[in-house]
Amino acid sequence: MHRFPRWAWAPFALGLALLAVPLLGMMARVPWGELPALLTSERALDALTLSLGTCLIATCLVLLLGVPLALVLARSRGWWVSVVRTLVTVPMVLPPVVAGLALLVTFGRRGLIGASLSAWGVEIGFTTIAVVIAQTFVALPFLVTSLEGALKSSGEQYERVASNLGASPSRIFWKVTLPIALPAIASGTALSFARALGEFGATLTFAGSLQGVTRTLPLEIYLLRETDSDLALALSLVLIVVALAIVFVSTKIQNWRRDG
Amino acid sequence: MAEQMRVAATLEVRGFDVDVAIGPGQRVAVIGPNGAGKSTLLQLIAGSLRPDTGTVELHGVTVASPRGFVPPHKRRVAYVEQRPLLFPHLTVLENVMFGPLSRGANRSAARERALAELELTGVAHLADRRPAQLSGGQAQRASLARGLAFDPDVVLLDEPFAALDATVTPELRRMLRSRLAGLTTVVVTHELLDVVTLADRQVALEGGRVVADGPVEELASAPSTQFLADFVGLNLLGGVALAEDRVDLGGQNIIGMPNGDLAAGRHARVTVAPDAVAIHREMPEGSPRNAMRAQVMRVEPGGAVVGVTVDLGGQPLRASLTPGAVAELALMPGDDVVAVIKATQVRLHPAH
Amino acid sequence: MSKLAAGLAAVVLALSACASGEAQPDDAEISATVFAAASLSAPFEEIAADTDVNFSFDGSSGLVDQIAGGAPADVFASADQRNMVGAVEQGLIAGEPTMFATNYLVLVTPAGNPAGVTGMDASLEDAKLVVCAPEVPCGGATERLAETLGLALSPVSEETSVTNVLGKITSGEGDVGLVYLTDATGAGDAVEIIGIPEAEGDPNTYWIAAVEGGDTEQAQAFIDLVMDSPDVLAGYGFGSA
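Chains as they are written, first to last, in the working numbering: chain A, 1 to 260; chain B, 1001 to 1352; chain C, 2001 to 2241.
Possibly wrong hints are sitting among the right ones.
Stated by the list, open to error - Straight-line distance between alpha carbons at most 30 Å, and here's what the computed BS3-like set of lysine-lysine pairs gives:
(1) K175/A <-> K152/A
(2) K1074/B <-> K152/A
(3) K252/A <-> K175/A
(4) K1074/B <-> K175/A
(5) K252/A <-> K152/A
Think of the hints as simulated: they come from the structure by calculation, not from any bench.
In isolation and in its complexed conformation, chain A is listed as follows:
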């Protein structure tokens, strides 16, 4: 009957406890009664709107850049492909602070690109644009890697068929590649959004922290810990709920793709 040894239950329970108990512990500490008041406070609303707005923009950028990037990677051959794939994957495993430093030396006032921009009067540091860049930087790899896998496993044969039927490369992209990859794009987008929402280190290092301008939810939570732990917990709850929703949605999409 058993498909696994009985003792597997012990590490199973321990592992589950490690993952679930902190979340439950947090729920226990959340000041539920004051939640509405806390979440509608100016600080909370500023952080929420800023996070939501920047994440939406970042996710759109991720889609615009990520889908073609994944497509080119999935359909190309040659030594450079693995080099590019490595480059694309690196931000995923990079410590956030390192990502922030990398962005700083690139887009900062004295950075590789930032210096020229600065000469033109454009300065990115301490602006909401910096937040969006940081979020896009860390979220893009999530879409590209998941989408590239999906595009490789299907797609190419249908594209060949479409080409023989007379479809131009652009028509193939819009009418065949994109619709077939839609579930993968959707779940990749959900993951990217989640990653952008949770972005902390790179924003802290690169964008700064000012209420309503650059202080996103995670930064606000980090700061509030020092003084107002109730509001910190309330905002953390918001992030947990969003995370749950995204995991739920992306699992649904994957199941749908498997069944359909």
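The hints should help you fit chains B and C onto chain A, whose structure is shown.
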């Protein structure tokens, strides 16, 4: 000939070096072992591959040469593969409309054309289904309809029935035979039946070279390589139809199951599996319907089965017998024998 | 060089203390466990180079929590008065705390002072000012300072720690920041320091005390060693008590 299709090309990586010209309306079967270059030939015609040297001409227009290349979507070549590969996100009708729409037809014209093609391939009633809701045979019919709906100049079929249940292929073969009439066709196959029903010329490839090229009738009588001999696992005989279930094989009649409309007086092909042929010394009792006089040509012991080839009115007919039966009959070349075949084991095909 | 000189000075001072005949163990014999604010790590490591002292560096408030939780500390060194008072109120301290160093806010600019900041004045208005958020101690000090000066600061960023403020200045991203002198000193040539007289008048104070239940004799030996090493502390930007 201005209208012809010609592939005179090499591909170094695959060791491919072929020069084949195909006239308009000609139906060519390409056979050969795995890796012989059959699919390479189709891909060169379709444009999925570019030749290293040489040219590919379609309709007298050079579509691939060292100097230029016309991409697949600008050629009018239908390419139906072993798997139907219907677009999973579109209905059957939308799949078939895809070709006409891609080539500039408006929606209503494309829809009309697609429905007509689905009617011809026998799946018009499934127009609104999703590919996932179709059986293998239905999907392949839809795939054929999709390939034909944009009125291609050339139809390429790459083992079109290989992935299908054997019970649905005869029907599909018949449909395809009538639908492809008059269209320039190149079919890659491992099935003798495909060659017999869908082609009038066969090209055999081995190791990227053409090793045999000629009318289908020549295929069985003089296999030039081991592969061809093995390929002709079936006996293929030529004759003249007498009735829809009866063919004259040069003096002796054979009765069988018609596969297509046999008109009296027209050429016909007969296929029989070697293990359906029994050999007797004398005319057996009970007068079976097919009992034909023949002479032993060869006896080839081959382990569990002994191959005996007899001369049936000038055409070779192979029989697979057990070693015990061969020993009992003491068959020697030149012996007079009677070949007995059950009528249900004989297939009769119209030759054109 | 200056560190070496300061170290030598400390040794000389220690020797002179021995020579004066007070009942004090040799440096090498001091073996205490010291819980100290993170900002003290560099000077304390230097001061205790020849001893057997174990350090645990962390944020002051975190250290108070740890000691209250029963952590085996002999000495507690706090980066501000508030946390030391908290420790005393919880009955964690044996005897009287001693103030041993001060620290105060200064303005730092990237090397070359590109925005031309002259001090806590109108020159800040056109510059990108980076400060600590009010929630963290350095931000509290910043708020008090601005209040004293009657200045309304409009920073481009309120960072979560003084290190983050300094980072924005050393990278040149910000034009001017408000940090502690010790942090500014640690940044070396990457920044220019502009003193603020008003801040020097209201310094942040560092306090040290023996912990209740610890080895008070060893604790006192370490405290004496620190009190005898003002030059080392000064080398890192700390003011004298």
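Here is what the structure says about each hint:
no.	hint	result
1	K175/A <-> K152/A	holds (17 Å)
2	K1074/B <-> K152/A	holds (25 Å)
3	K252/A <-> K175/A	holds (24 Å)
4	K1074/B <-> K175/A	holds (17 Å)
5	K252/A <-> K152/A	holds (22 Å)
Checked against the numbered hints given earlier, the structure satisfies every one of them.
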